[in-house]
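Go ahead and model the full structure; you've got the sequences and the hints to work with.
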Amino acid sequence: MYISKKAKVGSNVKFGYNVIVEDGVTIADNVSIGHNVVIRRDTVIKEGCVIGDNTVLGKEPFKAAISATTEKRELPALIIATNVTVGANCVIYRGAVLKDYVFVGDLASIREDVTVGEYTVIGRGVTIENKTTIGRYVKIETEAYITALSTIEDYCFVAPEVTFTNDNFLGRTEERKRYFKGPTIRKGARIGANATILPGVEIGEDALVAAGAVVTKEIPPRKIYAGVPAKELKDVPAEQLLENQSYYRG
Amino acid sequence: MYISKKAKVGSNVKFGYNVIVEDGVTIADNVSIGHNVVIRRDTVIKEGCVIGDNTVLGKEPFKAAISATTEKRELPALIIATNVTVGANCVIYRGAVLKDYVFVGDLASIREDVTVGEYTVIGRGVTIENKTTIGRYVKIETEAYITALSTIEDYCFVAPEVTFTNDNFLGRTEERKRYFKGPTIRKGARIGANATILPGVEIGEDALVAAGAVVTKEIPPRKIYAGVPAKELKDVPAEQLLENQSYYRG
Amino acid sequence: MYISKKAKVGSNVKFGYNVIVEDGVTIADNVSIGHNVVIRRDTVIKEGCVIGDNTVLGKEPFKAAISATTEKRELPALIIATNVTVGANCVIYRGAVLKDYVFVGDLASIREDVTVGEYTVIGRGVTIENKTTIGRYVKIETEAYITALSTIEDYCFVAPEVTFTNDNFLGRTEERKRYFKGPTIRKGARIGANATILPGVEIGEDALVAAGAVVTKEIPPRKIYAGVPAKELKDVPAEQLLENQSYYRG
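Residue numbers (numbering that gives the first Met the number 0), protein chains in the order written: chain V, 0 to 249; chain X, 0 to 249; chain Y, 0 to 249.
Some clues are possibly wrong.
As the list makes no split between identical chains, a pair holds if one copy fits it or if it spans any two.
[Said to hold, decoys possible] Listed next, the in silico DSS-like pairs over lysine-lysine satisfying Cα-Cα at most 27 Å (straight line):
#1 K130 / K5
#2 K176 / K233
#3 K216 / K230
#4 K62 / K180
#5 K222 / K62
#6 K13 / K62
#7 K216 / K5
#8 K62 / K186
#9 K180 / K222
#10 K222 / K186
#11 K176 / K62
#12 K216 / K233
#13 K216 / K7
#14 K176 / K222
#15 K216 / K176
#16 K130 / K186
In short, the hints are calculated from the structure, not lab data.
Keep in mind that this is a model prediction, so the values were computed, not measured.
See below:
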């Protein structure tokens with residue numbers, strides 16, 4: 000175990016074996032850190048968090064020689080707010096913010112310039128790319144892929160293996176860089192398993208994309224779309240609307 | 000390296016560096032444990048197993064604040080039977096049972112209340128969610144997603160990136176909790192690459208789902224279904240039926 | 000930390016905590032190795048490389064009891080050429096070659112008998128299976144699955160969650176072993192997000208597969224195909240052709 004003398008550690012913090020805590024890290028009271036966890040410099044972990052084995056917190060981006068979207072700059076520290084749970088073998092970057100009660104499954108990764116709202120669940124093996132904003136009470140399920148420059152508002156549901164995209168030009172032309180844009184998923188919208196959402200598409204409030212659909216254009220609020228390419232099927236049934244859910248808090 | 004005094008270790012056990020073995024663990028003879036492996040309390044590893052580097056065995060579930068399917072209780076220990084091989088960077092939970100000769104690829108995760116039958120292969124990056132039963136001689140290939148409450152019988156084949164689902168209500172209504180159900184894949188059925196299987200659907204014995212299909216309803220035995228949504232295409236050719244395979248043992 | 004006396008380490012090499020370097024490893028000058036990294040025997044890391052935390056380099060294949068494509072033999076050492084960057088929690092096998100300036104994202108895995116050409120990017124969570132050749136300036140994006148026996152030529156683009164396949168018989172018949180073959184992606188071809196490519200299919204030079212397509216047969220050069228199954232849509236626009244890109248070097 001290595002804990003830097005330039006780290007601050009609160010009371011009742013449990014450390015597993017072989018934990019590494021670098022300079023400038025702050026760990027509040029009542030935090031539990033698993034075995035082999037790496038906590039990179041300046042990371043802030045607030046009260047009541049649980050971190051699983053072999054997880055890396057506060058990783059700095061490595062720059063690819065030919066990356067189109069990553070520039071080198073000093074990022075703010077990773078902030079993990081109160082009562083957040085992070086699974087095993089995760090990688091969470093410097094420059095991310097996980098708000099209170101966020102839950103991150105095993106083997107997930109979350110990049111820089113990402114905010115994840117309160118009570119949101121990031122599932123096992125999920126990737127959240129950079130420059131993405133995720134609201135409160137969202138569920139992003141196992142192995143879903145959230146591309147850079149996406150927006151997911153409160154109470155959305157993204158099923159397993161969903162794929163978001165942000166580049167209609169698939170790496171060609173210079174002008175594409177002006178058009179990079181991930182999907183925008185409006186409040187309470189739901190995306191079915193293994194669906195694919197094309198760049199910059201907006202999914203309206205409380206809309207529903209069926210499993211396996213390929214969404215090529217805007218979907219209006221409260222509509223169900225299905226198929227390849229996705230077409231309107233019917234209205235979302237009233238009993239499934241967000242406003243009719245017992246857990247909905249506005 | 001840390002090996003609890005309350006762990007039992009057999010003869011001819013090879014440990015890598017930085018291995019952590021907690022209280023109550025039992026490791027039988029002739030087991031090989033890679034570097035940085037974490038073996039959580041009570042885990043049982045039987046004779047002849049091989050465990051890859053950086054793998055976590057016997058993890059306890061962390062509960063999400065808003066999870067619909069995980070309750071807190073004391074689970075039985077993780078049991079890894081004889082001659083099982085587990086890759087690197089895996090996460091396998093307390094409450095799982097891996098039977099003799101199971102093979103688990105790198106970066107896979109297997110949750111609690113899961114049984115995996117003899118000689119079954121769980122591929123690289125696969126997720127097996129909780130409350131799932133998998134038979135013998137099954138192959139689940141890379142990055143496939145097996146949702147909670149699924150059943151996969153003997154000799155099934157699940158191709159890469161397949162997605163199983165278990166919630167037709169995508170997180171809405173209270174009644175949905177009564178209907179949570181994963182797919183049931185009958186003996187010898189095969190699911191093609193990147194197919195999506197809707198909640199509770201049954202795939203009949205020795206049936207075949209084509210690559211990329213979205214299966215919305217029951218598929219009869221020995222039929223091939225393809226498309227979005229999947230429709231009957233033809234019969235499975237006789238030479239591909241399970242009963243005509245040299246490796247089939249009944 | 001454990002560094003074998005039978006390893007050679009150059010000057011200005013930075014090691015994180017708990018690093019394990021086995022016999023016969025060679026690490027050149029100016030290499031940076033993260034925390035908890037495992038470097039298995041004989042691995043060669045050339046000048047200027049950066050390796051992320053918790054990554055395993057030089058893993059030997061573990062053989063599944065019922066694998067159809069893995070035989071046991073002594074493989075050549077893993078070679079990581081100059082200025083390669085590897086993320087955190089990756090697994091890279093003995094018998095792979097990563098050429099100069101390759102970039103590998105977090106949680107990716109690359110198997111034996113794989114060559115990755117100069118400046119190629121292997122994204123986060125990607126799997127590259129064995130016996131696969133990947134050219135220069137290729138981008139393989141997050142969670143894409145490249146099956147065994149695939150060929151991807153220079154300047155190709157493979158979008159997130161794409162699935163390659165190599166077995167039309169899905170594990171049945173003995174004769175299938177003669178027909179195992181992954182896709183061949185010719186120079187500059189591009190595959191859209193979550194597309195599925197059937198075994199042995201050839202995608203022509205500078206062709207484009209739309210997001211979500213299922214490609215069942217050959218695609219001619221410079222054509223766009225879309226749908227399930229994929230059908231010809233139109234020509235690739237001239238401004239997107241490889242020969243018209245500023246970064247194209249022949």
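To see whether the hints hold, each was checked on the structure:
For a Cα distance limit of 27 Å, the shortest separation of K130 from K5 qualifies neither inside one copy, at 30 Å, nor across copies, at 45 Å. Proximity of K176 to K233 under the C-alpha cut-off of 27 Å is restricted to the inter-copy arrangement: shortest distance 24 Å between copies versus 36 Å within a copy. In this assembly of identical chains, K216 and K230 lie within 27 Å of each other by CA distance both inside one copy and across copies; the values are 9 Å within and 20 Å between. Proximity of K62 and K180 under a CA criterion of 27 Å is satisfied intra-copy only: 20 Å inside one chain copy versus 34 Å between copies.
When the C-alpha separation of K222 and K62 is checked against a cutoff of 27 Å, the pair qualifies neither within a copy, at 41 Å, nor between copies, at 33 Å. Proximity of K13 to K62 under the C-alpha cut-off of 27 Å is restricted to the inter-copy arrangement: shortest distance 18 Å between copies versus 34 Å within a copy. Taking identical chains as interchangeable, the C-alpha atoms of K216 and K5 are never at most 27 Å apart, the minima being 51 Å within one chain and 59 Å between chains. Proximity of K62 and K186 under a CA criterion of 27 Å is satisfied inter-copy only: 25 Å between copies versus 33 Å inside one chain copy.
When the C-alpha separation of K180 and K222 is checked against a cutoff of 27 Å, the pair qualifies both within a copy, at 23 Å, and between copies, at 25 Å. Within a single copy, K222 and K186 get their C-alpha atoms as close as 13 Å, which meets the 27 Å cut-off; across copies the closest is 38 Å, which misses it. Taking the shortest alpha-carbon separations for K176 and K62, only the intra-copy value of 17 Å comes in at or below 27 Å, while the best inter-copy value is 40 Å. Proximity of K216 and K233 under a CA criterion of 27 Å is satisfied in both settings, with 17 Å inside one chain copy and 19 Å between copies.
Within a single copy, K216 and K7 get their C-alpha atoms no closer than 49 Å, and across copies no closer than 56 Å, so neither meets the 27 Å cut-off. In this assembly of identical chains, the alpha carbons of K176 and K222 lie at most 27 Å apart only when taken from different copies (23 Å versus 31 Å within one copy). Taking identical chains as interchangeable, the C-alpha atoms of K216 and K176 lie at most 27 Å apart only when both belong to the same chain, with a minimum of 20 Å there against 32 Å between chains. Proximity of K130 to K186 under the C-alpha cut-off of 27 Å is restricted to the intra-copy arrangement: shortest distance 19 Å within a copy versus 31 Å between copies.
The earlier numbered hints that this structure contradicts are 1, 5, 7 and 13.
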